[in-house]
Amino acid sequence: MISEQAKQRMRDLAARYPVARSAVMPALYVAQEEEGYITREGLQAVAEAVGITVDDVESVATFYTMYHQRPPGKKVIKVCTSISCYLRNCDALVEHLEERLGIKRGETSADGNYTLLTAECLASCGTAPVLQVNGEFVENVTLERADALIDRLDKELKAEVRMP
Amino acid sequence: MPELIVTKNIDVPGIDTLEVYRQYGGYEALAKALREYQPDEIVELVKQSGLRGRGGAGFPTGMKWSFLAKNDKPRYLCCNCDESEPGTFKDRMLMEKIPHRLIEGVLITCYACRVSTAFIYVRGELELAGRQVERAVQEAYAAGLIGKNIMGSDFSVDVIVHHGAGAYICGEESALMESLEGRRGYPRLKPPFPAVIGLYGGPTVINNCETLCTLPAILQNGGEWYASFGTEKSKGTRVFCLSGHVKKPGNYELPLGTPLRTLIYDEQYGGGILNDRQLKAIIPGGSSTFLLGADKVDTPLDFESIAAAGSMLGSGGVIVLNEDTCIVGAVLRSVEFYRDESCGKCTPCREGTYWMSEILERLEHGHGREKDIDLLLDICDNISGKSFCPLGDAATSLVTSGIRLFREEFEYHVEHGHCMVGAGRTHPEIESAAGASLHAGAR
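Protein sequence lines, in the order shown, are assigned to chains A and B. Take the position in the first sequence, starting the count at 1, then add 5; the result is the number in my numbering. Take the position in the second sequence, starting the count at 1, then add 1363; the result is the number in my numbering.
There could be a bad hint or two in this list.
Taking lysine-lysine pairs in the DSS-like style, the calculated list, with each CA pair at most 30 Å apart, reads [said to hold, decoys possible]:
no.	chain 1	residue 1	chain 2	residue 2
1	B	K1436	B	K1395
2	A	K79	B	K1460
3	B	K1436	B	K1410
4	B	K1371	B	K1610
5	B	K1410	B	K1553
6	B	K1511	A	K12
7	B	K1460	B	K1611
8	A	K80	B	K1460
9	B	K1460	B	K1371
Honestly, the hints are just simulated from the structure, not real lab data.
I would like the entire structure built from these sequences, with the hints used as guidance.
Written as structure tokens, this is what we have:
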């Protein structure tokens, strides 16, 4: 559901730009914050706030990779696989995480806890290989550090279940 | 240590806050600009400094500003912080650590170019950088440094931070404007250039993050001072992003003209090749630039010398490849990037990057044919110069230079079905050895 408060934020964004249409990307982020991914209702709300058609909003939402078209896992792990990380053997890291999480790149675990993605150069080549968990960087990732990270995330997820 | 300009004081605790930034002389350059200069005089000062764009193309900044169409339409500044060229990680550092330097540069540029609305386009994936810039903009608004009648002058400006959402193409200036206007990031045909018809149809100046971060120091110390660093045609310093097979990867600010060898081998910088292996090749300016062989290691890092050596200084992303690197594998990985990031608008780029990755894939995995090597070059020829924007051209750089310098490796793949050097993905036993170097390489 898109709350009235979120709709107001979208309208405020539309007013902030010289042309309302420019707010379509930030408004889509608001929609995604509300529902975890881009739904029909989210597209509709953005269209109303910005003053363009739903199809037009969808054409933008499907161009940019950071707008989720499906519900993502609670922890979205993006591993950089571009050239500098490749030279520091990110492929072994991706394979290790696939094994550890029991999912392939691009997939979400059945319990909805993890989504494993590969990403294009994340601008952290000096600390390769690198990954992001929900947008936050984890740098100089060895296989051991990757395991320790997943252990920590598992604990966080368990704590969330206990204290919703 | 040579003098630091862009990265000066970057490690001072709290320099990301307005208070500490001001303690270290922050916004004094803006005050000086407003107090002592007419806008056009700043354009002249920047021309005199010799500053060239740090995004990739290296176009003289002052000249770019002077091209702005003189009409009564509103003018805009777009600061390009959509850093995503593989091998480049300087703008992210500047935004995270010293966002007010960027904002001061934005404000000086707005004053010089008579712009009243500026946009800072931050790459979506760089969430911390985006938060830092946004917070700094809010601090500056609250302190009266952005808004109406800045520092008591009649100069007013509005600054909007816009977050990208995952599209390399939006680092291309016309795609960036499309994105800002709320559309898919498809490049526009040029001309008209943004300086004439840009954002919302108004004259628009588009500058890279590092370029704008250089301006406060030029205002404070003068154009001649800045021009005293670097070479005759490549003035000043630049943040070189060193990555790949070196002992100490990282960002190093050095005067233009510093030899590649110094950056890679000097103990203060790269510290030599990882695990003391031999140098094989260098990608000197991000993955869109041509590969240089190890024999070019004494080339000075300036626009002219790198061009004379057969490549481009590009974004300043220096990627080092050691002797164990399979060139076919590395080129494949790079082409996959351009295949995934091609916006799909122009057929040569969209289809060409796809077919190049298919062919490189079969070469890499031992199903290649002799004629594939020339077929790759033929595809490159059919992409280059035949698309709206430079992404297609960029995709061909490592393919053509990789084949030119290391053709025998491609032929070996055809003949033997695997690579002639260590890090090949087709060898399970070497894969585990490469896995071991993951631990050795990471700090």
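* Numbers of unmet hints, in rising order -> Violated: none.
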